[in-house]
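Q: Using the hints, build the complex out of the two chains.
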Amino acid sequence: MIEIEAAHSFGDFRLEARIEAHGGTLALCGASGAGKTTLLMIVAGLLRPTSGRVAVDGTLFLDTANGVDLAPRRRAIGYVFQEPRLFPHLSVEQNLRYGQRFAPLARRFVDFDAVTSLLGLGALLARRPDGLSGGEKQRVAIGRALLVSPRLLLLDEPLAALDDARRFEILDYIEKMRAAFAIPILFVSHRVSEVERLASDIAVLDRGRLVEMRRAGAPAAR
Amino acid sequence: MEQGFGGWVGFSPAEWAAIGLSLKVATIGSLASLPLGIAMAWLFARRQFPGKLLLYGLVHLPLVLPPVVTGWLLLIAFGQRGIFGRALESCCGIVFSFRWTGAALAAAVMGFPLMVRTIRLSIEAVDARLEQAGESLGAPPLAVFFTVTLPLALPSVIAGLILGFARAIGEFGATITFVANIPGETQTIATAIYGYTQEPGAETSVVRLTLVAIAIAFGALVASEFLAARVSARVAET
Chain A
1 MIEIEAAHSF GDFRLEARIE AHGGTLALCG ASGAGKTTLL MIVAGLLRPT
51 SGRVAVDGTL FLDTANGVDL APRRRAIGYV FQEPRLFPHL SVEQNLRYGQ
101 RFAPLARRFV DFDAVTSLLG LGALLARRPD GLSGGEKQRV AIGRALLVSP
151 RLLLLDEPLA ALDDARRFEI LDYIEKMRAA FAIPILFVSH RVSEVERLAS
201 DIAVLDRGRL VEMRRAGAPA AR
Chain B
1001 MEQGFGGWVG FSPAEWAAIG LSLKVATIGS LASLPLGIAM AWLFARRQFP
1051 GKLLLYGLVH LPLVLPPVVT GWLLLIAFGQ RGIFGRALES CCGIVFSFRW
1101 TGAALAAAVM GFPLMVRTIR LSIEAVDARL EQAGESLGAP PLAVFFTVTL
1151 PLALPSVIAG LILGFARAIG EFGATITFVA NIPGETQTIA TAIYGYTQEP
1201 GAETSVVRLT LVAIAIAFGA LVASEFLAAR VSARVAET
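Protein sequence lines, in the order shown, are assigned to chains A and B. Quick note, the first sequence lines up with residues 1 to 222 if you use this note's numbering. Quick note, the second sequence lines up with residues 1001 to 1238 if you use this note's numbering.
These aren't lab readings, by the way, just hints derived from the structure by calculation. Note that beta-carbon positions come from the ideal geometry of N, C-alpha and C, so glycine has one too.
Which chain B residues face chain A? A few, computed with CB under 8 Å, are given here: (1) Arg1129; (2) Leu1130; (3) Ala1139.
Where chain B lies over chain A, by a calculated footprint (3+ residues, C-beta under 8 Å): (4) 79-85; (5) 90-104.
Looking at chain B on its own, in the form it has when it is part of the complex (with noise of 0.2 Å):
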């Protein structure tokens, strides 16, 4: 491997292929995952319901299982012999094994468990009594979720989605159990690191991307707190 300035500088095209698999998977399994979010955390904040412990502890097992455990648990349920990896293949003709997609559904549901949290302590800070107000005024329920508790709870909202999409970068454990670490189609950042400690010669790359990870995290999490701190000082208004 080259080891001049170029070398440190330039970024190989595996490197580059990884930097942008990653961002592409976190973006949309961020994203994808939002509106499931959003209705989760509304449930938690503002519903009774029978069996709501049970949801919240499924809602929430990725963040203190061993990632390996949720990677095996997604390989059984989407890959190509599962019944939810078959069912969609046949019908939608989605697949997940040893695709880019399936390392966006690991990233999703990692990320979920934040995402839930942050968008649910928000909306339970919106002052129920402006969404009575909306009732009082002829609003139905929905309209009332889409024009009062969304959009005071708006910033924490993103702030959600920044910090799912910032755990999304991180993901290795249960992307690597689920799809593998195959160059180009499912190498992340993550998993490209461990690959390249595991080959000799190859720490420049490591350093190179190990820098680009703290800087999307980074940016990220500072993103997500001018958000909250935005979310905290409009309530402290009403």
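Same shape as in the complex, but just chain A (with noise of 0.2 Å):
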């Protein structure tokens, strides 16, 4: 169960929206601009809100109303951002551990072995980043955040900057990931192709916004 409630203001932009999605992966879509990004930051909580109240799973990350505030650390996010945002410096290996040392054993339930293999990531863990191409960057992103053992994954257009060969390969991991581990997925997106194939819910934003909310396979409503 997700809940999203926020309204957020910067320059002349205005996002006040509510969305609850009952697990599952909740697709985000809109065009540029909607608010998409800005809502996944508020739920990874690296964008406080002017107000507003999330939720996942029954654990409140944030409630203005309250003076609730978790920060990212506490949340437990596993955020795959647009750019793979590799860290330069350290290899495929120390990537993918990177978030998996802070997490608390007790709460570990992603192992390592499972993520390299599922995402076919065992040639490279020796390598940098710099010398990867587009897709096993992305591969890398993915199960870098899945090592956090996440109650939530953000997605953030994570195929954007691929072409349609390495983003169909990209959409099967993601569905073997999503069966392996069964962790809910909030992700961004505008290709309606995406969409339909991964999503149980669908939310449509359009200029901060939402218009729409569905289940996935239900006739829009325009």
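A: Set out below in structure tokens:
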């Protein structure tokens, strides 16, 4: 269960949305400037909204009315950004293990070997990020986010920078990963094909407002 | 003074003492101020706080003030009767006035602005999105700094250290005002050269020490440029 309620404004932009989804995979759609990334950053705790409330599976991350605002590291969220954002001074293995050590042992449920074999990273472990292809980098970024043992995985257009072949390959990996670890996913996309294939719930944003909320497979309102 | 070939090449004990003291004062002064320099650079690069401009001005003041003014201020604050001077002597037994420690303090203060500036620029060049990624992966702020920011800025941190060191080797005005020019205790290459220029027939000493000063300063600048080029190549990769 993902509950997000947020009001935020900067400059001319105003975000005001309330979204609820029952686990599974929630897709956030909308044109650029609709506020999708802003919403992800609010969920991750990287941006504090003017007011809002965020809860995932009963754990309250943020409740501005009651002074609750967990630091990003206490939210246990795996965030895959639009760009891979791999640490250039660390090897692939060190990148993958970066978040793992900050996760308390009792909470860890994602195994390093399981992730590397699932995402096909075994042969890349000793390499540096700058020598990897775009698809490889994004797989490492997904693996790194997974190894946080997250309560929720945030994917911000992780396929946007890839060509079609790579995109389908990563989609396969995301599906495998979802089946293997059963982690709820919140992902941003403006591609109908991705959304239809991955999402169980779909939220459509337009200029900071929620204009549509539906189960996947149900006909679009417009 | 001996004027044969040996006289040109051989350093006198007083010259050796000045060279040794310069290296010691500059090394200790720049190394001891490095942690504070990194902290200041990070504050200036990444944080907004009230009084930031004032602190920035204060740190950079030695760069633009006449060094003799800085030396006199050090004398007032850290001399035997200064507030800090007395406090440090009674609490930790550290005495600055007319000691080599005072020369190191003067060197550190004078080199500090250059050090902070170099390190601040390199921290600003570190992609803040990588720090955000570290934060999202559960790293506390201090861990983000030590595992992401500092390693990526490291070559420039070393370059800043070397620049601070080179500035410290060249330090003259603040040093001679604060701790005078005592051979074997506070006499550095710069103050020794000044002394020899006032002394008839000591030109060979002046030339020898001048060459040493040029060699040290040049070596430090080359090392600093080399490291700065390395960091910009590294930042370009990301």
